[in-house]
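Asker: Okay, here's what each chain looks like letter by letter:
Protein chains: 4
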Amino acid sequence: MSGSTLGELFRVTNFGESHGPAIGCVIDGCPPGLALSVEDIQPELDRRRPGTSRHVTQRNEADAVEILSGTYEGLTTGTPIALLIRNTDQRSKDYGNLLDTFRPGHADYPYWRKYGVRDPRGGGRSSARLTAPTVAAGAVARKWLAQQHGITFSGWMSQLGDIAIPCVDEAEIPNNPFFAPNAAIVPELEAYMDALRKSGDSCGARIEVRARGVPPGWGEPLYDRLDADIAHAMMGLNAVKGVEVGAGFGCVTQKGSEHGDPLTPAGFPSNHAGGVLGGLSTGQEIVVSLAIKPTSSIRLPRPSIDRANQPQTVETHGRHDPCVGIRATPIAEALLALVLMDHALRHRAQCGDVQLPVPPIAP
Amino acid sequence: MSGSTLGELFRVTNFGESHGPAIGCVIDGCPPGLALSVEDIQPELDRRRPGTSRHVTQRNEADAVEILSGTYEGLTTGTPIALLIRNTDQRSKDYGNLLDTFRPGHADYPYWRKYGVRDPRGGGRSSARLTAPTVAAGAVARKWLAQQHGITFSGWMSQLGDIAIPCVDEAEIPNNPFFAPNAAIVPELEAYMDALRKSGDSCGARIEVRARGVPPGWGEPLYDRLDADIAHAMMGLNAVKGVEVGAGFGCVTQKGSEHGDPLTPAGFPSNHAGGVLGGLSTGQEIVVSLAIKPTSSIRLPRPSIDRANQPQTVETHGRHDPCVGIRATPIAEALLALVLMDHALRHRAQCGDVQLPVPPIAP
Amino acid sequence: MSGSTLGELFRVTNFGESHGPAIGCVIDGCPPGLALSVEDIQPELDRRRPGTSRHVTQRNEADAVEILSGTYEGLTTGTPIALLIRNTDQRSKDYGNLLDTFRPGHADYPYWRKYGVRDPRGGGRSSARLTAPTVAAGAVARKWLAQQHGITFSGWMSQLGDIAIPCVDEAEIPNNPFFAPNAAIVPELEAYMDALRKSGDSCGARIEVRARGVPPGWGEPLYDRLDADIAHAMMGLNAVKGVEVGAGFGCVTQKGSEHGDPLTPAGFPSNHAGGVLGGLSTGQEIVVSLAIKPTSSIRLPRPSIDRANQPQTVETHGRHDPCVGIRATPIAEALLALVLMDHALRHRAQCGDVQLPVPPIAP
Amino acid sequence: MSGSTLGELFRVTNFGESHGPAIGCVIDGCPPGLALSVEDIQPELDRRRPGTSRHVTQRNEADAVEILSGTYEGLTTGTPIALLIRNTDQRSKDYGNLLDTFRPGHADYPYWRKYGVRDPRGGGRSSARLTAPTVAAGAVARKWLAQQHGITFSGWMSQLGDIAIPCVDEAEIPNNPFFAPNAAIVPELEAYMDALRKSGDSCGARIEVRARGVPPGWGEPLYDRLDADIAHAMMGLNAVKGVEVGAGFGCVTQKGSEHGDPLTPAGFPSNHAGGVLGGLSTGQEIVVSLAIKPTSSIRLPRPSIDRANQPQTVETHGRHDPCVGIRATPIAEALLALVLMDHALRHRAQCGDVQLPVPPIAP
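As they're listed, the protein sequences go chains A, B, C and D.
Going by UniProt numbering, the letters in the first sequence line up with residues 1 to 363, in that order.
Going by UniProt numbering, the letters in the second sequence line up with residues 1 to 363, in that order.
Going by UniProt numbering, the letters in the third sequence line up with residues 1 to 363, in that order.
Going by UniProt numbering, the letters in the fourth sequence line up with residues 1 to 363, in that order.
In case anyone wonders, no lab produced these hints; they're calculated from the structure.
Some hints could be false.
[What the hints assert, rightly or not] Restricting the straight-line Cα-Cα distance to at most 27 Å, the calculated cross-link-like pairs of lysine-lysine (BS3-like) are: (1) D/K255 x C/K198; (2) B/K198 x A/K255; (3) C/K255 x D/K198; (4) B/K198 x A/K198.
This structure is a prediction, so every number in the text was calculated from the model and none was measured.
All chains, full assembly: derive it from the sequences and hints.
Answerer: Structure (structure tokens):
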């Protein structure tokens, strides 16, 4: 994998800028014969779409996806699937100031140092808007994984700023704008966000994603481990500063007798591993947790510099998510699906479709 | 590139099993003209070598490295550098039992499910012994990065089980077997490990690694971000369950006004970013933290199953590290060096050697 | 990288089907700061455009290209450049018969065996129409290579069926529909094609392409040699059955004393090498020759089978090039440019921008 | 693929220099459970071994291969297979002159221009000796392809300098040092080579290789076509200047009605395609032909230059093959096997093990 492409065998190549004419991706390596239409992809895009509550950016994008290639009469043909999303709500204001000064905590500065030139409109390439093609590609992976292996995904916000969100009921996730698995806590979250927005500041969040039904044995033992590729995908998402699998940093204070999940004829009674041992899936749930930093574009004034290295004060106005974590859940699910899809194909490349003759063990 | 190869342009392909004839790696893509001899590599291997204190495995391996190719009269030629380390202290006992039962928390089980066959001797391919070639390759990267860019690395244990280890003095790191930057705490660590060893159990650890002097602008904005590749490399290391960059999970409870590091004409006065913004280096220190789980091979009896899915009790004897985190510091440094080396070459591929005409900013 | 992506560092990912909504490509890895607009790309597309003479397919496509991303204010930003070409002259007739029977010499049959499903409309993915995005990407590479290194390209048809076309004057190439460097022979070529078209048959061709000004030392010694990557690119073009570099198959009857180009202080007085030795460029002209087979879609009836393995007679009507070689010249130039662009970046990744201190030798 | 690695899923990474301590390769991605021992590999190495007749280099190398990893109790485990061949007959004479002057037709010159430093001993990295690891890896691929798919390979010399060698009986190939499928012509070949050796000159050759039993549908339609990857592998072999598949350059003068192989219920009655259509295998024999240039290291004096760009006369003494084509047959077979192995795995990654429900057609 390299640059703007994710995956070795199910390869997603992402393109576009926030305020350019369009964003999208090309998926190469999708198995043929999968029933696929816009109806399979649009619902996932709608889950991360901006403008759906007062707690996220008010940019109004339908994120309508067009399938340009790779299907015929509703089936994938095995050739590249190009997905296109036109940008429609760009604002044609003057971005000149953003070209000259750098927002603290923002990609502005290193972009300028790397490329010497960049598209500043709406964050250009570094905008979270570029996660939409990832979500679209993830929808394709999810469909294949569900059909071939019965794999399902879920994800939720497990912390918003200072507020921990215990998982009470996954069925509640689609019922609130925070992807919170917990109806009772929603008013508190709303109040927190309202105060935050008023303050002109932003906050961080923690997201948890899970995959159920992954067969044992996916992954590779060294370097390209399943958990390594998950960490790569998740840390590659805008604003992520930490990734955990299973017990995560909690394992530091565990003893080996406590951390190692026993095996029983009926399966694993615990899951400190988070579904991965030695870089390979175990058949347990894959459990991943992410730390998402507070948005760097805030209204509060902050000290910075300009391109001439002179001190400046920066305030960011315009439309921004005060907590990018709020819309991160469907993106993190998509990334997990893309990694698993890739390893599903890598596994059958090396080991074949046909399961090795091993006795069943309950996962 | 994939599987047992790390890197796109500075590619390290790892091979070997713990008790096979040899382990090693092939480095492809190293720039020509770098002065390189065994003396550049062996000291790093010695830092992770087993048997150097009572707190690590007592296996006695010199880890003597041979350079098989890629140099002529002491300079790299630009062709593949093959590094070979012969195994010398394998024990020829019966591993039959390990083939039939699975250690809780160990790669045994998913290996069997994936491949249907594996080398069980000393953990085979899943042994931490396979980190030696990574360290050897890392030494090559470190030398080039130091010469070309003045980049230096440091790493230490920041927590051992329940004991947090404040960083007091980095100069103390080589003076104790724990890589602790803190002389005063060493007796406590020794006592902790002695008690742990007696108990037959194992413990986790937290490691911190840093790179200083990385120029701004290394990395790629989307998917193959610098932090994503760091997370991939670190989570690909045996026993790692969590990775943080900069503030890491601490960013969840930070506000944007607090997390975003200001820019001043004299540089960044803080480093919550950990040296990476938008997937690109900023010129700040790269700061990475790892969670290392407790060793799965412990003497205490635990419930498990055998290949016929029958219940068994497993106890692991033989030579094992009670805390694999103790020797993890030089490995994590090597991984960070390998990722930076790869991005150094990727950067100059796309953007050239010659720095873009940007005014200096103190890092 | 693999499948529908060409290149390691200047990566072109191609998508689309002949009669789908659109074709295009994403270029990842382009250096920043290159002035780029549609005007740089469209002229190359126009050179391969269908419908420009009676000797090629009469399909009417403007091949108007849209740049969807990767530029800002007329400069490349270093991020992916997505190029889109809408299909406009698809014919909505019934392709049912093509789904059931297989054209001799056509990709129909192995597509069906591989994928079990395919887009049959106008050849779907196997159509030569998919070379348009390659040409568009090649135009970007050509511009950078010209600006950075002064590299230029030329190509021509050196044989049409039985008629050898001696290179008399390269300036004549754009003055006839055959890309023939020879004005005198054009009437003979026209007559040949008119008779061929009337007969309902098709013919082969030989194309020669050259790059001038390539610095010495581009390429890699083993496996990914410069000539190997050129062969890969050329043999990957529709209908190509043979590739030669320099003396090509003529070297079989040469002696070493004859084949080996002498070196003199003023340069190489001959070029049997075709500009590549040991997989690396020498500074001589890169000289490549291609064999292009006759089009498989012909009006003449031929024996074949259907999907039930029953004998059938196949005749192909519709719009086809009676000699796909006629429009192959700009495509082969584009492929050569893409390979050189990739190796230009690979070279500077490993060896740097700054030339090694070697004395000049005239190429 | 990149640099010294061949293949995407069955990846062979080659290392070593002609007169360094050792040469070898690492194979990553081999399926588990394949019975593999030195006895499977050594016979193929012996076929290309130097010193076996007076017509090839008299360097005496046993080419004894050691399997360093990747097998356990005689079965591949799915982990990297490292193969090591120690060099034993290096000659420790002064190579200083070769560092200063360049042999016409040799990689000397571009190596120096690329790297500024190189290993000159015996040609260093550019020596044909580096094909030994390729042959060793090819033996692994051949065994798997034979067991899983019944694929077999054959190859022969079809022309030596001016002497065409008609294929009369493939059974004769192992009975003469030329890999000639024709006993009657051997005396003529011997006389030709004896005269050539006496003259101090060298000659070219043409090699033909075939694979039988390849299922239809292996390959990818665009860029990474099966024939493109074959061309890449073959043109990547030392001294190759041309590659043909099927009719090759003969297709230029064929009509479409002649070139396109008919399909019948009993299979293809002809094979102008050489077994590949649209980049995918058809089920026919894969037929490949190579042009191999005359060796550049010859005794005859030739004009050249030195590193100071001053005119020099170069004569090459030492041990060299007067026709590198003589030992090229087993190497070309190995390369064809490696490409097919890679596409076998790529095919089952995307399309699965289980054949699609298509009716049989005789190949």
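Asker: Look at each hint and say if it fits the structure.
Answerer: Hints, verified against the model:
{"no.": "1", "hint": "D/K255 x C/K198", "result": "13 Å, holds"}
{"no.": "2", "hint": "B/K198 x A/K255", "result": "13 Å, holds"}
{"no.": "3", "hint": "C/K255 x D/K198", "result": "13 Å, holds"}
{"no.": "4", "hint": "B/K198 x A/K198", "result": "57 Å, violated"}
Checked against the numbered hints above, the structure breaks only hint 4 and satisfies the rest.
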